[in-house]
Amino acid sequence: MNTLQVQHCVENAIRCQATTRLLLAPLVTFARLPRIHLQQRSYHQAGRPFRGPHSAPGRHSPTPPRLPRCQAFSAAAPVPTEPTVHPVFEQKTCTFQYLVADPVTKDAAIIDPVLDYDKCSTTITTTAADSLLSLVREKGYRIVRILETHAHADHLTASFYLQRQLAKQQDLKPPVGIGKRIGQVQSLFGQRYAIDAQEYEGVFDKLFEDDEEFAIGTLKAKALHLPGHTPDHLGYQIGDNIFCGDSIFHTDIGTARCDFPGGSAHALYQSARKILSLPDKVKIWTGHDYPPDGERDPVPFVTVGEHRQKNKHLRDGVSEDEFVRMRRARDEHLAAPRLLHESLQVNVRAGRLPSQNDAGMRLLKVPIKVKGSGAW
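With this note's numbering applied, the sequence shown covers 272 to 647.
These are computed hints drawn from the structure, not numbers from a lab.
Among the hints, erroneous ones may be present.
Unchecked claim - Restricting the straight-line Cα-Cα distance to at most 27 angstroms, the calculated cross-link-like pairs of lysine-lysine (BS3-like) are:
id	residue 1	residue 2
1	Lys410	Lys390
2	Lys583	Lys363
3	Lys377	Lys439
Whenever a hint applies, use it, and build me the whole structure from the sequences.
This is how it looks when you write it as structure tokens:
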């Protein structure tokens, strides 16, 4: 055998030895285990319950050495508790519409949508509502709720139109929700405008109880009763956000009027204080903004802390009596909303239009005031 062959044999032997060690390593490790582990294994295989190191009959094994405890870490991302908020400002009625979405599931809600109405031509269009639908498609959202803060007196709601369009656009017909006291408002204005009760009873899909909790995807939400502007008025709390409707406005405007039927300046002050008792960082998203011409753009939210410092009607130090006197004096000189009669007749119907008459026309009624005496 030459030198090269000898070297080759030595290398083969070394490789075989290494392979043997690798294969035998688990067996060696098992043989070196403490007897207590073997005892546990034998009791388990025998079908007898194992109750600890000292449970075997007739003997007491030493406590096995304490092994370091493994610490578990979750690889899952934390679930967001804050929504993605898209404020959409409708300029003709100065109304903020909101698209509020769960960033995890893409489930979303629409709050206080607007249906366009031209008073001069008595024409309804859907420009504002269609812009919301476009935004929903663009973001890939699925609308699971349409939320009304109250029966508005200054714009027509697009809730019914959106509900029908979304039923075609997605796999869900989103329910329209409002506060449980809407029945009082429907009954009052149903009589005033001679609306058949069949046209407004049961038109809302969900009537929220005070402080009722609900979900938008993984987000937690709550319905807050905020009376004052109207008796049925709600706000919606979603994370650190309050969608307050027509209760608190921008700091340089103050608050909403309280002279509608069932309105109360005392109640509005108390509702506002309930909101302003929340942490300073909470955002209050308003239902309207009326920026002075050229002075600023519409602002959708102001924080609780800013309101307490700067709100002209509600800053810290303003008492309830002072607020009520101011609010009543101001309301005495306010004109009626431009779309008062049209809005209320559509909104108590949850956005549905009046039924057609025998001539195939849909009619909204406008009460007439007659001043002075004469041939009337």
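These are the hints, each one checked on the structure:
no.: 1; hint: Lys410 x Lys390; verdict: 33 angstroms, violated
no.: 2; hint: Lys583 x Lys363; verdict: 25 angstroms, holds
no.: 3; hint: Lys377 x Lys439; verdict: 18 angstroms, holds
Hint check: a violation occurs at hint 1 only; the rest are consistent with the structure.
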